[in-house]
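Protein chains in written order, with my numbering: chain G, 4 to 314; chain D, 4 to 314.
Take these hints with a grain of salt, some might be off.
Here are the simulated lysine to any residue pairs, SDA-like style, with alpha carbons at most 20 Å apart [unchecked claim]:
{"#": "1", "chain 1": "G", "residue 1": "Lys40", "chain 2": "D", "residue 2": "Arg119"}
{"#": "2", "chain 1": "D", "residue 1": "Lys36", "chain 2": "D", "residue 2": "Gly133"}
{"#": "3", "chain 1": "G", "residue 1": "Lys40", "chain 2": "D", "residue 2": "Gly133"}
{"#": "4", "chain 1": "G", "residue 1": "Lys40", "chain 2": "D", "residue 2": "Lys36"}
{"#": "5", "chain 1": "D", "residue 1": "Lys36", "chain 2": "D", "residue 2": "Arg119"}
Now the in silico label distances, taken between C-beta atoms and shown as ranges [unchecked claim]:
{"#": "6", "chain 1": "G", "residue 1": "Pro298", "chain 2": "D", "residue 2": "Arg15", "range": "39 to 47 Å"}
{"#": "7", "chain 1": "G", "residue 1": "Arg8", "chain 2": "D", "residue 2": "Tyr307", "range": "32 to 40 Å"}
{"#": "8", "chain 1": "G", "residue 1": "Gly187", "chain 2": "D", "residue 2": "Arg303", "range": "32 to 40 Å"}
{"#": "9", "chain 1": "D", "residue 1": "His6", "chain 2": "G", "residue 2": "Arg131", "range": "45 to 53 Å"}
{"#": "10", "chain 1": "G", "residue 1": "Arg308", "chain 2": "D", "residue 2": "Ala127", "range": "32 to 40 Å"}
None of these hints come from the bench; they were simulated from the model. As the structure is a prediction and not an experimental result, all values here were calculated from the model. Cβ atoms here follow ideal geometry from the backbone N, Cα and C, with glycine treated the same way.
Number of protein chains: 2
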Amino acid sequence: MKHARIFSSSSRGSVSAVGELALIGLIRRWLGKASPKAPRGIGDDCAVLRPARGRELLTVDPVVYGVHFDDQTAPAEAGAKLLRRNLSDIAAMGGRPRAAVLALALDSRVSLAWLRGFFSGLAAESRRHGVPIVGGDVARLPGAFVATLALTGEARARAVTRSGSRRGDWIYVTGTLGGSLRSGHHHAFEPRLAQGAWLARRREVRSMMDLSDGLAKDIAALTPRGCLAAIFGPSLPRRRGATVREALCDGEDYELVFGVSGRCRRAPFERSFRRAFPRTRLTCIGRFAPRGAVPADALRLSDYRGYEHLR
Amino acid sequence: MKHARIFSSSSRGSVSAVGELALIGLIRRWLGKASPKAPRGIGDDCAVLRPARGRELLTVDPVVYGVHFDDQTAPAEAGAKLLRRNLSDIAAMGGRPRAAVLALALDSRVSLAWLRGFFSGLAAESRRHGVPIVGGDVARLPGAFVATLALTGEARARAVTRSGSRRGDWIYVTGTLGGSLRSGHHHAFEPRLAQGAWLARRREVRSMMDLSDGLAKDIAALTPRGCLAAIFGPSLPRRRGATVREALCDGEDYELVFGVSGRCRRAPFERSFRRAFPRTRLTCIGRFAPRGAVPADALRLSDYRGYEHLR
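The following block holds chain G by itself, in its conformation from the complex (with noise of 0.2 Å):
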């Protein structure tokens, strides 16, 4: 472990050091050209922003300390994480981010080190994507770390929702799956926002989700009633080094999985989909079968648990 320590030993080099003005002055700096002057960013109320073009999509997630990274998670991937966390799930609906506001909560130890590094990993993936952060709040929570970032993007074509898969639908997850937390994936990981625009532009593609508790358990939300996912062993993009349970239940893909028409042809949406994305690994794991007719080779998912929190 190279990088800073998220809880300084030093009151000095603490968000202590400076309270709570001084502190949003840092961020300010810290964010750069991430953060666009008040009101169109942070310093006001709130932010005002030009309306979504289309429909408006709106979206919160966190990175927890000891929970979505830990000491051995460099800071700038930890600020990173938490805006790709957000994007990820812009790209699920095939939409593009607009902006994003930030609540920090946090110990008055966390180190001031540490903190330039969570923010610039922030802004080069806010720079990077063209998402300015336009606000936020500061509050005190002793002995944690919570950073909450709500993100508001816009489909201009459609939103492609979790519910419109029907029985005999493909099943495709691009990239591959499993060994997230070992591979560094689980913040590394490049948010599907290209191709997930391009899956909501295609009309046989009826559902679509990302994967973040495990395909195991995610699956569960896009398959219809009265179906299962029958999803083939074999066909499972792995990960090198993933078991295939690891690929069903590690969780933190935060890849893409989408019902396709059965009717579809699946050859040439594949030649369509391998031409935009050449680098870009797509996989037919499966389709949704009614629940007496699933083939005997399929893996009874009920065998697999995803990542369960809170327990």
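Based on these hints, arrange chain D on the given structure of chain G.
Same frame as chain G, now just chain D:
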């Protein structure tokens, strides 16, 4: 204290007894009509909203156990306070609230009875203002409870920022100040949405904000460069039993403070406000004076400090 405790001594009555998915089911039941179905509400990767009319407003504020409320606060009041704090930010821009998302970070020992109370208060406030809770996230946070709400709104006429005041402008405040904690006002206040929207339609109102950290600290954000806020102690509208110092420093007033053109005819302006809001006190507390020309009987605000976070 007649209400449930936030941390349960039995694991049966706590969040850990139900796990994440069942908890989200409970939250949806507790929210009831305050929570529409996906994709307009909870249950998809993002909430899908119609775009804002006029300008979009976006804000985020948390309630943290031990900071914004404690064991003396009834859980329903803590839940209502979470929405009210954010509504007050929308009011301060003269806007209307639209929809909210909620991120919970909590210890798995948090009591389900307490949490039900929290959500009943949040839901009642949400219904009262027509602000649906459209999505969120639940994460584990050992030893603590943080609920962060992001609220989107719209300003159809204009968004009143903090930066429009000029030398000689009058300073007005709604309601009374000080003693917020003692009186319970810190959670039971009424966000000044109707007043804020009315003021946004009056051209003579040039700047506005809500009071959260105390007038002595907050007024700096409205004060034009080269000026000081000349405030007259006897004119300060104090809550019953509050001293001048408390009115300036206690914080959590959640009243509107705003600047009105120095050329405005005050009497007709005040009469119109009182006709619109006969039960809301309106007080002219001073004006923005050039640094060299502050009347001798004005309060020296540098002798007072507002609420300082993180110290």
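Here's how the hints hold up against the structure:
1. G:Lys40 - D:Arg119: Violated, because 40 Å separates the two Cα atoms, which is more than 20 Å.
2. D:Lys36 - D:Gly133: Between Lys36 (chain D) and Gly133 (chain D) the Cα gap is close to 10 Å, so the pair holds against 20 Å.
3. G:Lys40 - D:Gly133: violated (31 Å)
4. G:Lys40 - D:Lys36: Violated, at roughly 37 Å.
5. D:Lys36 - D:Arg119: At roughly 15 Å apart (the allowed maximum being 20 Å), Arg119 (chain D) and Lys36 (chain D) satisfy the hint.
6. G:Pro298 - D:Arg15: 39 to 47 Å: holds (41 Å)
7. G:Arg8 - D:Tyr307: 32 to 40 Å: holds (37 Å)
8. G:Gly187 - D:Arg303: 32 to 40 Å: For Gly187 (chain G) and Arg303 (chain D) the Cβ distance comes to about 55 Å; the hint is violated.
9. D:His6 - G:Arg131: 45 to 53 Å: Cβ of His6 (chain D) to Cβ of Arg131 (chain G): about 47 Å, so the range 45 to 53 Å holds.
10. G:Arg308 - D:Ala127: 32 to 40 Å: For Arg308 (chain G) and Ala127 (chain D) the Cβ distance comes to about 36 Å; the hint holds.
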